[in-house]
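*Asks:* Residues per chain are reported as follows:
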Amino acid sequence: MDYFRKYLGPSQGGVQPTGADTVERLVDRVQSSTLLDDRRDAVRALKAMSKKFRLEVGTQAMEILIKTLETDRSDAEITGYALDALCNIMSNEPSEEDDETPIQVQTDLGLQFTEIFTKTPSNISLLLSMLEEYDFHVRWPTVKLLTTLLTNRCKELQECILVSPMGVSKLMDLLSDSREIIRNDALLLLIQLTRNNGNIQKIVAFENAFERLFSIVDEEGNSDGGIIVEDCLLLLTNLLKGNISNQNFFRESSFIQRLTPFFDMDSEAQRSQAGWSAQKVTNIHLMLGLVRNLVSPNNPQQQTAACQRVMFQCGLLMKLCTILMASGVPADVLTETINTVSEVIRGNLQNQEYFASVLAPSTPPRPAIVVLLMSMVNEKQPFTLRCSVLYCFQSFLYKNEVGQSQIIQTLLPTSSDVNTITAGQLLCGGLFSADSLSNWFAAVALLHAIEDNPSQKEQILRVQLATSIGNPPISLLQQCCNILAQGGKMQTRVGLLMLLSAWLADSTVTVAHFLASTANVPFLITQVSASDSDEHELLVQGLCAFLLGICCLYNDDQNETFSRASLRQIIERRIGLETFTDKLTQIPKFESYTKAAKKPHLNSKQASDIIFDYEFTSIFKSLESDVLKAVSSAAFMEESKKKMASMQEHEKVVNQYKDLIQEQDQQLNETRQLYQIIQQKYSNQEKEMGEMKDLIQQLKDKNALLKAQKAPSPAVEDGKKDEELRSLQQELENLRLNLTEKDSTLGRLKDDLTRAEAQIITQNDTEENKENNPSEIAVLSATVNRLNIDLQECRQIITNKDSEISRLQVQYNEAVRQVETLKQTAVVNSHSEEDTSSLKKEINKLKEEKSQLMERIKKSNEENLKAIDKYNKLEEEKKSIENERLGVEDELDTLKKEQEDLLVLLADQDTKIDKYKTKLKELGQQVEDDDDDDDDLGDDLDDEDEES
Amino acid sequence: MSYAYLFKYIIIGDTGVGKSCLLLQFTDKRFQPVHDLTIGVEFGARMITIDGKQIKLQIWDTAGQESFRSITRSYYRGAAGALLVYDITRRDTFNHLTTWLEDARQHSNSNMVIMLIGNKSDLEARRDVKKEEGEAFAREHGLIFMETSAKTAANVEEAFINTAKEIYQKIQDGVFDINNELHEIEIDCMLFSDCFVNEHNCMIVIV
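From first to last, the protein sequence lines stand for chains P and F. The first sequence begins at 1 in the numbering used here and counts up by one. The second sequence begins at 1 in the numbering used here and counts up by one.
Just so you know, the hints here were simulated from the structure itself, not pulled from any lab data. It is possible that part of the hints are untrue.
Claimed, not checked - For each label pair, taking beta carbons as the anchor points, the in silico distance ranges come out as: (1) R574(P) x V34(F): 23 to 33 Å; (2) S110(F) x C154(P): 51 to 61 Å; (3) A645(P) x I39(F): 48 to 58 Å; (4) A153(F) x P382(P): 48 to 58 Å.
What the hints assert, rightly or not - Coverage of chain F stretches by chain P, computed from C-beta distances (three or more under 8 Å per stretch; other residues unrestricted): (5) 42-49; (6) 85-98.
Cβ coordinates follow ideal geometry from the N, Cα and C atoms, glycine included.
Put together the whole structure using the sequences plus the hints.
*Replies:* Spelled out as structure tokens, the structure:
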């Protein structure tokens with residue numbers, strides 16, 4: 001500070017040579033001094049002056065300061081001063097000291113000096129190389145200087161850093177600096193560095209930025225963290241916004257999952273804090289922004305869809321929906337959350353389904369959609385919140401036919417429960433409320449519920465409204481037209497016109513309904529032909545022209561007054577083609593139209609800005625030229641008519657074929673049924689056949705039995721045999737009867753079959769010219785063939801059976817004969833002797849086995865005894881050990897007692913010592929307080945002894 | 001999406017040799033016939049399995065044009081593998097290999113595995129560089145070599161996976177040093193804490 005005083009001293013009293021002169025002298029000093037100390041002092045003085053005399057220091061000393069950085073690099077102190085001085089002259093932040101210079105000049109000055117500095121690219125590489133120095137006095141000002149340079153001339157600096165080898169990587173490494181102040185300033189530097197430069201963003205991401213930033217955010221307490229969290233989030237936003245490659249990297253490295261804890265809303269902490277801090281609101285906004293960047297409708301569809309999937313899987317969507325339904329969330333956070341949820345569910349069926357299932361914690365629980373729609377049609381809610389709800393609703397219905405039909409369903413009379421509030425009721429209420437903005441919101445919401453969905457367009461035609469008591473109910477379509485005709489505010493009319501256009505587009509049925517009311521077309525004609533030049537009126541006129549054109553384009557020519565040709569004539573005569581075209585083509589020229597066409601999200605700042613809807617603009621774009629052609633060129637009309645005619649012809653042919661196919665189907669079914677019946681009959685037959693087989697088997701068995709029995713006692717069983725013979729004969733008789741029955745059923749079956757065949761043949765005849773489904777016929781004939789074969793087989797089986805039966809009969813006869821011969825030669829036989837001998841043998845064997853077993857039992861008994869002995873011994877051992885243990889325990893107890901006694905003694909001594917100490921203190925002796933060693937105790941006692 | 005290792009790759013080579021097509025074929029299994037100039041770098045990723053272990057490949061596909069050279073150099077740091085690609089129907093792309101190799105060796109970790117790829121092997125009729133020449137160049141400089149076709153997908157899978165196998169082998173052999181501050185191989189310690197405990201003998205850098 002010596003130099004500072006020395007050089008500034010005289011200036012206060014002197015004339016005015018101060019600034020420039022002093023700086024000049026200092027510069028001279030830096031240049032000429034041979035001693036480092038002198039140079040250092042001079043640079044320090046320059047630094048001190050650099051704030052107040054920016055212009056002077058900047059113009060005269062910049063070069064020498066840069067040179068100092070090169071030459072005196074080894075000295076951290078002088079380098080630090082030089083860097084600080086450079087920082088000061090380029091900084092645009094107004095310092096507290098100077099109030100005289102206007103800020104404009106300040107900014108320009110910083111910019112100009114930055115430009116001069118960056119003109120030499122080697123300066124930048126010099127600064128980057130300074131970062132290798134670990135010393136705080138060098139590294140910190142370098143980071144600050146680079147940040148200032150980047151703030152002033154972002155593009156040039158970015159190019160310079162990108163070109164210098166490992167430039168970005170070096171800056172990224174600063175994030176790992178253990179000194180928090182450098183890390184935090186590095187964050188600010190990187191935020192500037194990554195602004196609008198995809199290449200740098202990618203390199204920063206490559207250098208593990210995501211991982212480091214997430215860990216910093218985590219350390220700092222996520223959304224409850226301070227400004228550092230905000231800086232991290234700003235940098236993350238820079239890296240992800242519009243950078244598909246980085247987003248891809250982000251998703252592939254599972255960082256979406258790490259976004260989830262950002263939205264952990266600890267309700268306890270929330271309540272105790274009573275509201276959200278401003279920092280937390282900012283953090284949450286940035287976090288939501290990150291999510292939105294990943295699923296932005298402007299990203300490639302594939303990319304967005306992949307992110308949406310992950311967000312559902314990792315529970316992020318669930319967390320967001322929880323915030324949506326939580327209480328105490330600030331309105332702007334809520335708005336942004338709704339917008340985020342919108343983009344997370346947009347066009348993704350799974351997420352849309354989840355969103356539809358979310359219930360608000362109200363009593364009774366209502367679907368979140370209904371609760372949100374309630375705020376949309378409520379005038380008292382903030383405008384941006386209402387916009388976001390509409391956006392959410394649109395996103396829910398985007399590419400979601402199920403959702404569309406669910407919403408329309410709530411409008412239809414079938415859903416009966418009157419007490420619950422439904423989406424349909426809310427939308428109708430909004431459509432006809434006195435608030436024009438609600439009208440617009442509800443109209444656009446309805447537009448999205450029927451957009452691109454012809455069946456819902458027809459469904460919603462069924463909606464009837466009870467206007468007032470006594471009047472007949474009126475259709476929703478007509479009510480819309482009536483309100484339109486009543487005039488009203490511009491937003492109401494525009495909303496209704498957009499709804500009607502979308503409703504009528506691509507739906508001849510709706511057009512027919514619209515034209516059925518005779519007042520509608522004349523109203524549109526008067527609107528379009530009006531010569532009002534007010535901008536809003538022009539807009540409404542254009543929309544009316546569009547609607548009229550749609551009536552012409554999707555006209556089925558059933559209504560004679562307003563057929564295509566007549567409509568065209570009316571337009572030509574009453575409006576004039578030129579005027580019509582003018583009015584129609586005016587629409588895309590409105591600023592509000594181009595704004596709305598940019599992206600699905602409504603981003604109007606005030607309620608009056610809202611005019612067009614994104615979806616409507618795309619409908620308009622796709623239909624504009626067709627509408628113009630339909631109205632203007634007769635050729636187009638005829639062509640379309642021809643097209644229509646050919647289409648109708650085509651449809652007729654198709655219908656004919658459809659009928660034919662139906663007929664054939666029917667025939668096919670009939671034959672199939674017939675076949676089934678036949679098959680059933682056949683299976684019954686087979687069953688019967690099985691029974692017969694069983695019977696035959698039984699007969700055979702009996703026969704065999706008879707054969708066996710006849711040997712020992714034929715004489716006794718003669719009578720029985722006769723009986724059996726009789727029963728057998730009877731059974732045979734039965735069998736024969738069965739057979740004849742079967743034959744008759746078979747005959748019937750054959751008849752059926754021949755009938756079926758005949759039918760099929762006739763069918764084939766009829767089907768020969770219908771070549772559409774030969775395969776089916778082939779199948780049919782195949783089945784018939786199969787049936788035939790089956791039948792044949794059946795027949796064969798039956799003949800086999802017949803032969804078997806006859807064979808059995810022969811056997812039977814033989815048996816009878818044998819019985820008779822046996823009768824004649826009755827002989828007594830005895831086999832008992834043989835039997836007894838074999839029995840004896842067996843008994844002997846058993847005796848042997850028994851003795852063996854006895855022996856084994858003896859052996860095992862002995863073993864058991866031995867085991868018992870062992871057990872006893874072990875028991876004894878155990879006892880002795882137990883005794884020992886008891887002895888040891890006793891010993892332990894005595895020891896413990898002794899220890900306790902000792903402890904008591906020690907405590908006594910301690911108290912004594914304390915007493916002595918106090919006494920000593922009283923006597924004026926200095927005593928060390930924390931003496932507790934025995935030695936010290938001894939000393940103390942000694943001391944006391946001496947004193948006493 | 002848990003994995004045991006994370007390898008970073010970089011794809012380099014002259015413009016128009018089919019670097020982006022190779023990546024697209026590997027990650028999306030499709031071929032893009034129209035040449036769409038890469039600006040700076042593009043990112044792609046895929047999971048593969050080697051030796052029963054899930055390995056995540058993060059691949060940075062660089063622009064071949066000279067004007068992007070300074071940008072693409074930033075991506076050598078931390079790459080465990082490089083695919084050096086030339087076009088077998090254009091000899092100049094083969095002639096430039098030495099420059100590319102110098103660049104790679106200068107800016108990367110010396111242990112980086114480099115795979116030399118002769119792409120467009122489906123255009124046999126227009127071949128300008130013999131397969132033997134590619135093999136010779138690879139042998140001379142210690143590279144692995146393969147001829148691929150991003151169009152027919154021939155050898156594409158193999159090129160990426162063989163490179164990974166080589167890196168994996170180097171880890172098993174302990175060539176990648178744990179003290180090296182480069183982070184070419186990451187192990188997901190959160191998901192794979194067990195794996196880390198079991199395998200901390202082999203040299204892995206945890207970032």
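*Asks:* Are the hints correct? Go through all of them and say.
*Replies:* To see whether the hints hold, each was checked on the structure:
1. R574(P) x V34(F): 23 to 33 Å: 52 Å, violated
2. S110(F) x C154(P): 51 to 61 Å: 36 Å, violated
3. A645(P) x I39(F): 48 to 58 Å: Roughly 53 Å apart at Cβ, these two residues keep to the hinted range, so it holds.
4. A153(F) x P382(P): 48 to 58 Å: 55 Å, holds
5. 42-49: Holds, because 4 residues of the region 42-49 of chain F bring their Cβ atoms closer than 8 Å to Cβ atoms of chain P.
6. 85-98: It is violated: at least three residues are needed, and the region 85-98 of chain F offers just 0 whose Cβ sits closer than 8 Å to chain P.
Violation of the numbered hints given earlier is confined to hints 1, 2, 6; the remaining hints are satisfied by the structure.
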